[in-house]
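Participant: In case you want the letters, here they are:
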Amino acid sequence: MAGTLAEKVWQAHVVRPGENGAPDLLYIDLHLVHEVTSPQAFEGLRLAGRKVRRPDLTIATEDHNTPTLDIDLPIADATSRTQIETLRANAAEFGVRIHSLGDADQGIVHQVGPQLGLTMPGLTVVCGDSHTSTHGAFGALAFGIGTSEVEHVLATQTLPLAPFKTMAITVEGELPAGATSKDIILAIIAKIGTGGGQGYVLEYRGDAIRALSMEARMTVCNMSIEAGARAGMIAPDETTFAYLKGRPHAPEGADWDAAVEYWKTLRSDDDATYDAEVVLEAKDIEPYVTWGTNPGQGLPLSGNVPVPEEIADESTRIAAQRAIEYMGLTPGQPLRDIKVDTVFIGSCTNGRIEDLRSVAKVVKGRRKADSVRVLVVPASARVRLQAEAEGLDRIFIDFGAEWRNAGCSMCLGMNPDQLAPGERSASTSNRNFEGRQGKGGRTHLVSPLVAAATAIRGTLSSLADIDLPEGTTVDGSPLAPLDPHLLVQV
Amino acid sequence: MEKFTQHTGIGVPLRRSNVDTDQIIPAVFLKRVTRTGFEDALFYAWRNDPAFILNQDAYKTGSVLVAGADFGTGSSREHAVWALKDYGFRVVLSPRFADIFRGNAGKQGLVAATVSAEDIELIWKILETRPGTEVTVDLVARTATCEDVVVPIGIDDYTRWRLLEGLDDIGLTLQHADDITAYEATREAWRPTTLPAKHLPSLPVQPARPIPLTLGQTRTH
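Protein sequences, first through last, are from chains Y and S.
Numbering (my numbering) for the first sequence: 149 to 638.
Numbering (my numbering) for the second sequence: 5 to 225.
A hint or two may mislead.
Claimed, not checked - Straight line, CA to CA, 25 Å or less: simulated PhoX-like cross-link-like pairs of lysine-lysine: (1) Y:587 <-> S:35; (2) S:129 <-> S:7; (3) Y:412 <-> Y:487; (4) Y:313 <-> Y:412; (5) Y:431 <-> Y:393; (6) Y:156 <-> Y:393; (7) S:202 <-> Y:199; (8) S:64 <-> Y:393; (9) Y:199 <-> S:129; (10) S:129 <-> S:64; (11) Y:199 <-> S:89; (12) S:64 <-> Y:199.
Worth flagging that the hints you see were computed from the coordinates, not collected in a lab.
Just so it is clear, the structure is predicted and the values come from calculations on it, not from any experiment.
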């Protein structure tokens, strides 16, 4: 029977089919663990006298709470310190591999899996974090779970899962210059809404998706959850295989060949049917920015803040009114006129080396606007080291930005990196909820390129608003040919 | 999970409806890293009121909570069930429960059973007239008994079976441990393992370089 990518991966993991409407029991290939959602799961195991069934399919790192300054000093915040110390103790007690602060492989869990070569096509990947959907970029079925499910996976390496529906999101054509994968996903969410993906696994397809680098694909899949979807996937191809080859945990020799042969079958059959289909034209996708307080409230940067009175649907109108009020905006105001206080470049959405390179290409040799604070936070310690090896840190510091250590940082403000009440940010992260980046903070979600241009001008801007020297490329390729002896590699 | 067939304990009449999970346990307690020890957090705001039912000696050691309709609405926090269990409650009776709360309760061995509003009223009257009166909840017979009042309780067959057998979600899955082991034997060699750990060359990570103050904006917050 013809199947979609998601159905194929699902079927390959059924340990026990559900009977009489009960959920299928699915095997989990890779379980990522961090400090916030795991403590009670480990304690549950302890209370029940259970052990971790497969420590060798489990890996932990510290990210949500980690400070991005003074990482060699004790963590000042007591709650953060306790959560991190608890994770370390649990990892030791249950024999789980952990990458702690100060380790080159510490960082946001959704960067650590891919950079180690643990995230692969055809896997089931779970983590107590909603942005686990990131790993779907490899053609894995990857989704966030709650704390009791974390305990369930630790104890059994399986999860009972209710069936899902499938949605194809096809992006045809070529992206215009200055638009990125972040703009693709913001455009998708603006189109289908924050609930549009509810109950679905999304599959991104089409030329525009195929043309994306592995890291850019991760940005798209990362935000599937912001459309309400459980997971987002992209069929693996040569781009995927090239990214994986040679990574520490990538298969080698005959195993590699067998894996690639299987991975090539991981695509939706031509006659497979989806429960829903959405099509976007890449040429219509401009740099996007959110004006409101959910990721679906986004518009092309060339637009204006919506006028609620012009919105026909009542609940949409009320939501827009509330959001505009919270965001301190004026209906009809051009988005380009919005002045920001902080630019945050980082997170599991856009804190990877290619993101940092493309920002560096834009800001190189320039000075940030005086009124703006610019925070650059790499997704992992290794991304940071790579960036430093390539001299990107110097470009950022000369620009006037703060160059920080790896972690989730201002994406959710669980560490000291927060917005002050009323402060406004242009942020490359994934959520613009009220208070997410700090109590009373106002967040505009943007791509790294828009973040860079905004940092230069102090108001929401795209590359069209700044003079880039003739021939400047802003893609994720290195600024200069890399030294082949470079020890770091992300 | 402990098997539950029958339980007898002091009944606590909670004459309130729409007891949401924020009232059961406020969000501030969610920062804890433990899953036990939440007894002090249960009904935290109300516990400051000396007149609150659990502050009265006769009810303090209660283990059967008899509440008004729509118990456990609001956030999905599993802490609400942990707090009730940690305090010593084994059973909550209410005319109607929020779905997520009822699901969470069943998974963790707390009996959340429905009793009609009229019957709840009968039980409340007895418990209020004679504080410290015990209530017996019998999962086999599907009844709650308070003195001479015997009323039917509602609980779905699947949850009841799990409670009678003492099976939590993990326990249920582990009944199929053989299937899991059999599946594991079929997993291909290319699928990754995190252990033994493989790395790129290890590197010492220093704090990011200090930022000269002259470069940054002076901030007042």
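Participant: Compare the structure with each hint and give your call.
Facilitator: Hint check results:
1. Y:587 <-> S:35: Answer holds: residue 587 (chain Y) to residue 35 (chain S) is near 17 Å, not above 25 Å.
2. S:129 <-> S:7: Violated: residue 129 (chain S) and residue 7 (chain S) sit about 30 Å apart, past 25 Å.
3. Y:412 <-> Y:487: Status violated; Cα separation ~47 Å.
4. Y:313 <-> Y:412: Cα-Cα ~23 Å, so holds.
5. Y:431 <-> Y:393: violated (32 Å)
6. Y:156 <-> Y:393: Status holds; Cα separation ~23 Å.
7. S:202 <-> Y:199: Roughly 24 Å separates the two Cα atoms, so the pair holds.
8. S:64 <-> Y:393: Violated, at about 63 Å.
9. Y:199 <-> S:129: violated (47 Å)
10. S:129 <-> S:64: Holds. Residue 129 (chain S) to residue 64 (chain S) sits at ~18 Å (cutoff 25 Å).
11. Y:199 <-> S:89: It holds: about 23 Å lies between the C-alpha atoms, which stays within 25 Å.
12. S:64 <-> Y:199: Given that 25 Å is the threshold and the Cα spacing comes to 36 Å, the pair is violated.
Hints 2, 3, 5, 8, 9 and 12 from the earlier list are contradicted by this structure; the remaining hints agree with it.
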